[in-house]
Amino acid sequence: MVTGDSRAEITQRLRDIARDLLERGEVDVFIGYEEGSLPLRTTPAFITRPDDVSRLTWGALCENNLATYLPKFEGRVGVVVKGCDVRALVNLIVEKQIARDQVKIVGVPCQGVIDRRKLAGAVGEGPPVRSVEETDGFIIVRGSGFEKTIPVQEMLSPACATCVHPVPVLYDLLAGDEARSRGACPREDAFAEVERFAGRNVEDRFAYFAREIERCIECYACRQACPLCYCPECFVDRQSPKWVGRWRDLSDKMVFHLGRVLHTAGRCADCGACRRACPAGIDLRLLSKQMEKDALEFFGHEPGTDLEAAPVLATYRREDPDDFIL
Amino acid sequence: MGERGSGKALVMAKRDLGAFARHLAASYLVLAPIVEGGVTRFAVAGVDDIGGFGDRESVPAPSKRPLKEVFFPQEEVLLAFDAGGKVEVAAGAAAPADEVTRVAFGVRPCDARSLTLLDLVFDAADYKDPYYVGRRQGTAVVTFACTEPGVACFCTSVGGGPSDEAGSDLMLVEAGESYLVKPLSARGEGLLRGFDAVREAGDVELAAARDAEARAVGRVARDVPVDAAVEKLAGAFGDAVWEDLYRKCLGCAVCTYLCPTCHCFDIGDEATRAGGERVRNWDSCMFPLFTLHASGHNPRPSRKERFRQRIMHKFNYFVENNGRVACVGCGRCVENCPVNLDVRRVLETIAAL
Amino acid sequence: MGQATIRDAGANPYMPELATITQVTRETDANDVKTFRVEFRDPSTWERFRYMPGQFAEVSVFGVGEAPISITSSPTQQGYLEFSVKKMGQVTTALHYSSEGTVIGVRGPYGNTFPVADMQGKNIIFIGGGIGLAPLRSLINYVLSDEHRGEFGRVQIIYGARSSGDLVFKGELERWGARADIDQVVTIDRPEAGWSGRVGFVPAVLKEVAPRPEGAVAVTCGPPIMIKFVLSTLTELGFAPEQVVTTLEMRMKCGIGKCGRCNIGSKYVCRDGPVFTYRQLLEMPQEY
Amino acid sequence: MACETRCPGGKTVGAVLVVGGGIGGMQAALDLAGSGFFVYMVETRPAIGGTMAQLDKTFPTNDCSMCIMSPKLVECGRHLNIDVITNSAVERVEGEAGDFTVTVVNRPRYVDPEKCTGCGVCAQHCPVGAARDTFNAGLGKRPSIYIDYPQAVPLAYVIDRDTCVGCGLCENMCLAGAIRYDDVPRERKISVGAIVLAPGFRAFDPSLRQEYGYGRYPNVVTSMEFERILSASGPYEGRVLRPSDGDIPEKIAFIQCVGSRDRAHGGRYCSSVCCMYATKEAVIAKEHAPGVQPTIFYMDMRSYGKGFDAYVERAKQEYGVRYVRTRVAEVAEVPATHNLIVSFESEHGRVVKEEFDLVVLSVGLEPPEDAGRLADVLGIQLDENGFARTGALDPLATTRPGVFVCGAMQGPKDIPETVTQASGASGAAGALLGSARGTLIREKIYPPEKDLRGVGPRIGVFICHCGINIGGVVDVPSVVEYAKTLPNVVYAERNLYTCSQDTQKRIQEKIQEHGLTRVVVASCTPRTHEPLFQETIREAGLNHYLFAMANIRDQCSWVHMHESEKATEKAKDLVRAAVAKAALLEPLERLPIEVKQSGLVIGGGLAGMIAALDLAEQGFQAYLVEVGPELGGHLRRIHFTLGGDDVQAYLRELVGRVMSNPLIEVHTSSEVKEIAGYLGNFRSRILDRSQGDGEAGSIREVEFEHGVVIVATGAAEFRPSGFLYGEHPGVMTQSELEARLASGVWPGHEQEQEQGQGKATEARGGLGPGPGLRRGRSVVMIQCVGSRDDEHDYCSRVCCSEAVKNAIRLKEADPDADVYILYRDIRTYGAREAYFEEARRRGVVFVRYPEGQMPVVLRSEAAEPGDGGGGGNGDGRLVVEVTDTLLDERLAIPADAVVLSAGIAPNESNKKVAQMLKVPLNESGFFLEAHMKLRPVDFATEGVFLAGLAHAPKTIDETIAQAHAAVARASTVLASGAITTEGIKSEVMKTRCTGCGLCVEACQYKALEIDPKDNVAKVNPALCKGCGLCAATCRCGAITLKGFTEEEILAEVSALC
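Going down the list, the sequences are from chains S, F, U and V. Oh and the first sequence: position 245 is 245 in this note's numbering, straight run, nothing missing. With positions in the second sequence counted from 1, the corresponding number in this note's numbering is that position plus 10000. With positions in the third sequence counted from 1, the corresponding number in this note's numbering is that position plus 20000. With positions in the fourth sequence counted from 1, the corresponding number in this note's numbering is that position plus 30000.
No lab work stands behind these hints, which were simulated from the structure alone. Treat the hints with care, as some may be off.
[To be verified] Below are the BS3-like pairs computed for lysine-lysine, each with C-alpha atoms no more than 30 Å apart in a straight line:
id : chain 1 : residue 1 : chain 2 : residue 2
1  : S       : Lys96     : V       : Lys30596
2  : V       : Lys30673  : V       : Lys30596
3  : V       : Lys30286  : V       : Lys30566
4  : V       : Lys31013  : S       : Lys96
Work the whole structure out from these sequences, hints included.
Below, the structure is given as structure tokens:
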């Protein structure tokens, strides 16, 4: 359980680490979180001067996956990562998008992050939230004429519920006590949701995704927020050949989303960045989670946990199973 | 649009909003903010949707998707052609309309204001966009003054306000148990024709409305130094500040697609064996492809240039060409940016240069 | 700059006129540049389609899309339009695969024109590189036309390409070169067997030829890197920024100043350009 | 090279005569011509193609015979360095190895092949319509002026003067003026350095077997006749009909061994191929007419080849082919119906009569008709069966130096064996003539490629009728009309056979006539035919890659056989897709790559040594790497051949030659660690422990560069478990028995010497007394230990012959010994059959045990302690329990020795080698060749070849032939010193590449690396095989496979939508 104390503690540790790294010249930039401009937001902070480290903060609202800024980063960089974030970072190292020696990984034993959509639901319609306070496992929201105290645990992002590595699997420095991280989800429970979903009939499943994807406005925030989507030119943007039509009907949107899921299959570790970035609240987690499950079941591959393991769907071994193909 | 209304303020009981909705629905296609899968957008609405509008305790500030798509949809077919070489304007594409057939209902003042900016582009003196202009001429705008602006709102900083009348044909202002009904154009008056449940507003209602407006203005939290920023931007193109400002930008199009005034688009052909269609879609200056030449040269090669373009276009180039900033302070870009890159902070930073 | 044509406000500016390709001319050895002569299917279109040198049109291959292409014919040549097209993207490739008789779409004319009025009585120096001669050709033929030749002073043409095979409008180059009222220099980048003309990059040749700025206007078009050096060379030669005219290339879609793509600073290349003086360029952000 | 010593007189002519234009002759000719020799191919028939041209399908892959062969046909026909001389015979041979003068007599054809266009107008007008169609095995009729088959090479008509009425119509009709009535025989003298004989075989004439009624009953046909019945180009257009009434037969009987294994009527030998071809014909008949019920009457099922057992198994299981083990006694006709009554003895001795609608006689293979004459002309000896005599240890050399033999002329054999021998013989000839390589060949000069830059597509579409193969299902004319309407198509036509030589000419003419810039052929599969058409258009000045193919046979007419209309629609779709792709095709460049003229041979056994020697004799450096401490491999365990040759002496001689050859570098106790590079430019690293293992500095790491790799890793005798093997000293394997026999472990040795047989015995290694085997006792051999069982789905091929060989040895040494061979099928194929016969004659008892009931070896309860001897070491005697199918009884055979005929098991290390070379293994663990039928020693990976037991179990002579063949194939690469790469390659678009390196991991050919400078992937075009894996792996779409770009594929796909 996260406590106010540990938040403050971690914040302090992060500031100390950042100051130290910057002062020693071990990094040129330190990427962490700072308070945002809206009550429920934090925002990525790019700190270059030791004096600015006091801007850094930590809490259940530190939702962004900062690894997304790392591909082809020039210079040496320190970056704050949660358990899920670092798995994307591992992929980026494996895929040579950043050199291991160029990045100082500052891990935080994660207590889970708040899902703003869930919180909005808990607050309900009505006057907007104008301020937020995080305390001992609770979040207090206030607006004109109301105040609500909501347990953080109930507001966590769905990805946090199935997280099996709340403590980063790889770090140079750990800003906090491993023991204080949120308990890991037992492996056998991690895919309960997708298993339930997979049990539904195919029409239902299709209808679910059709409903989700229909809302897409092709702003590509999901892609841009995704640390694994670093292609210089995305397949949807290709003009020759044009994979995705301009009619922007459901099938075109499907091609994009399903294509993206496939491109991240065996790499995606469910950090939830895409879902959070989406202004339409599209949730494709079930699909990407299924990919994660398949990678594990078929190939024994757990995305982003092994610096030596290449993305499983991009490599071929003779002994790979193929009986599921047909 | 069109001639100004008589300006005589009327009033209707809040409970009569349903009746008004039925009245409108009888003669017009009514488009109102509808929640679909958690996203609010202007879509064809039923009487209950419209009538229930006023029942909400307080309507959260603007619909997630902007009003512009009622006039300038995200995708639309401009032309159809067949293999034989016949080309025609796509069926259903709006031609200039002589009469009002649609009502955009439940519009927020910022969105209504955005139309006056889009008009400058699509209804320009040299070339008129018949699709936009046709829809605009055929659509009346019924606005609700804001009483509870959102935390991201900054309309007052860009010349608007919770009861800004620009772009509206009819405005409803909460006044206790009633709505003050302000016809702002002949078209707005036309909407009331045949609707009996209105009477002339009394002083009490007018005063109540004024109070509500003042309260709302007070609640628009931020005073953004837009004018100062506009002034500074004239010389800021080459400033090093962009280096810091753009950094966390992800390069997505949330800000531009949800912006009620952004209007960049793309035109492309979709072919079938029998012919095809020429299609227009929203596009975004945030995308690298927006300016990429066929040769591979890109005048705005990185996120930095593209981010700068967005800010410069809204607060400098547009101002130079039209005398107005291309922003209505609706706060959508602030609210929905995945990394909380807040345009208000950007303007503040620039103003402080 | 010349005034943009303002079309009937009621018309649908996205509606192309249908035109038939009547002649395809291979320009380069590599055959990556072709000149298409087109005629409107409906002759009355000419009443709506009045253009001046410098303007462009949105040319479309139905099913593939539209591309902005400068008009390379001169309004003095009546009854047809000509477009010289380099095979680059999808539309231009599709055009290249179109043969005589193919019906294409043309809408326009768009953009401003070369400042013909301001050039009256002046010597004109044309400086072109590669396919960049295409927009200049419209003006050159306009200036050289019987009805207008008297309005301008001496004409100088400096034109270069990578190799002799990359030179465009070879027939016309010969005719121009033969005229007494024209000083023409054609150059290629590298020496080549069988080439007896000049060798060297256009800016260098320009420096050698050293046209005098007095009472002159320089009009240049070519690849960006050439333009960059031509502009500085002209400046060295004493040309004031106002005396130098060029055309800009930008990605465009609508052609009518709406889609936002060709926006540079407060200008829209499709509407405020594509012809700009060097002076104007200096005042614009360097985003082209 | 070796020529100085081998070619007396020193003169060496760089040309070779190939006698016979069947598949063997063609393969030999192509290999020779490919490795720098000019070839004269003399064929007696008017066209080349041989028997394979007449076959419908081939086993065990059911490939269409003509389809897989026709590219070779055409290549021979148009090869600059192959002079195809048809309708001709070799009349005289003078001179000697290295310098022969051959007189060839050209029989009159009465048609000038240079002028004839093959248009066929003459045949249409010929008044004679009923001449016997020899190509269709006499089942059909043809005019007097004819071609054998539409793809014939050369495509020139010939007049059969025996039936010609001399009316002159053909001469009148021939626009080309090609008819020559006054044609006379012509003699031609050619000068060659060597001769390769490949005249094929003659089918046994079954009318000699009166009891089967061939010639009397219309519905008794030969297997070749049935083959033509099945063929789409045959007299019944591929419908299974019987000759008497054209009805579809239901019950078809196949009678095996007609003219084989038959001392009375035909050859004593086994014809080797009939079991398989009958099975194939049964399967194909069933495919053509599902109602057919085939029964095969056989004696032993000799499906001994690679993949053959599995094929027979499939015939049984999937096709319901019935197999009856018996010898058919008689066939009688029911006159009213022309049905046939087949009488045979059932397995249990009852006489059964069964009625059939059609009887197919599986006729044997006999030496070719003019074998005797040829032997005289060439001065070579024939063996007792009339085939060319060769040695078991030199299977390709005839008795006359410089004259080599391959294919059925050397003994009955199937296509892959023939092709292997053909390559082998060409290799042997090449080795002989090495010094004259390249002296007489002509280089192909192509016209310059047309400059098509920027020229839009002008597509020509050629649609193949393929007899009824396509035309019988698809309405080809309507597809042609449709093709004409497609965008960019400026010309379309149909061809009877688009692959025929005249059509190639026609395509070229059309390219010029219509200014075509892209060509689409709609016919069969690009796998076999694309190179042919690419070559055709290249000769017309178009880049090879401006070609697209629509497969309207395999993917259309074959699979939609019964839906003509839909198939036609689909054919249109496929053509439309190909046209759409063709419009986007771009010229691609083929790069020349230098070839290192050396080879790495992995494995120092028989195959490896032969290969190394061949390489050296052809003048190439050879690196021979053997994992064991000594050369010899499995051959070290074999002491004598069936015919009695001293294998060990041969081995010693061979090792001596290898060790002393200056061009061979031998590394024993060595292991290949790494093979990098590609065809022509391999670089290998080996660890040589021959100087000792483990001591500092004793392990040498050696690196060398080489142009080819020959995999000859061998195999080993399967180590059995059970049967008390390893538990009882009296239980041994055949090779263990052979070792004992060789070291004379047999009582009676002295006696034999006394009887004056000492000399023979000596030659056979000297038999003497020893432990384990004693005179007058019983030896039981158990066949199929580790073969044809659940773990080993293949036949080990050699064990039957080995058992027979050793059984004869035992019987020779002690005629009183009881020798039993417990078997399922005795597979002494070919001439080995004679030894089977001999074994029986000598009293070896053959007991057939049933499928799935392996004999059991037990210790005898009643041990006889008094026996003493080697066996009597307290382990007791042995008893073998077996069910005798003939007696239907369980037997308990006491034995003092049990010999297990253990199969050949693939080496475990094959996997490693396979991985290093990126070549496949089959399911059994043997290496998998590029094509079972026509590329038996090649791998799909270029520059890598295969020989010996690593490929599959085989005999010594087969191994030797294969090793020669592998080198012959290799030398087609090595000889020229340079090769040209394919144009289809990957290309990286730098701006899209993220440098993630996944393509590098994906590439099986090591063709990609990340360029550290700009951190993007880079393709090595020499290594890239164009497989496209990288393109598929690249998420960013940065990799394009030229020739298969996304645009092209999408155009194809969207044309279908």
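Checked hints:
no., hint, in the structure
1, S:Lys96 / V:Lys30596, "violated (36 Å)"
2, V:Lys30673 / V:Lys30596, "holds (20 Å)"
3, V:Lys30286 / V:Lys30566, "holds (24 Å)"
4, V:Lys31013 / S:Lys96, "holds (14 Å)"
Violation of the numbered hints given earlier is confined to hint 1; every other hint is satisfied by the structure.
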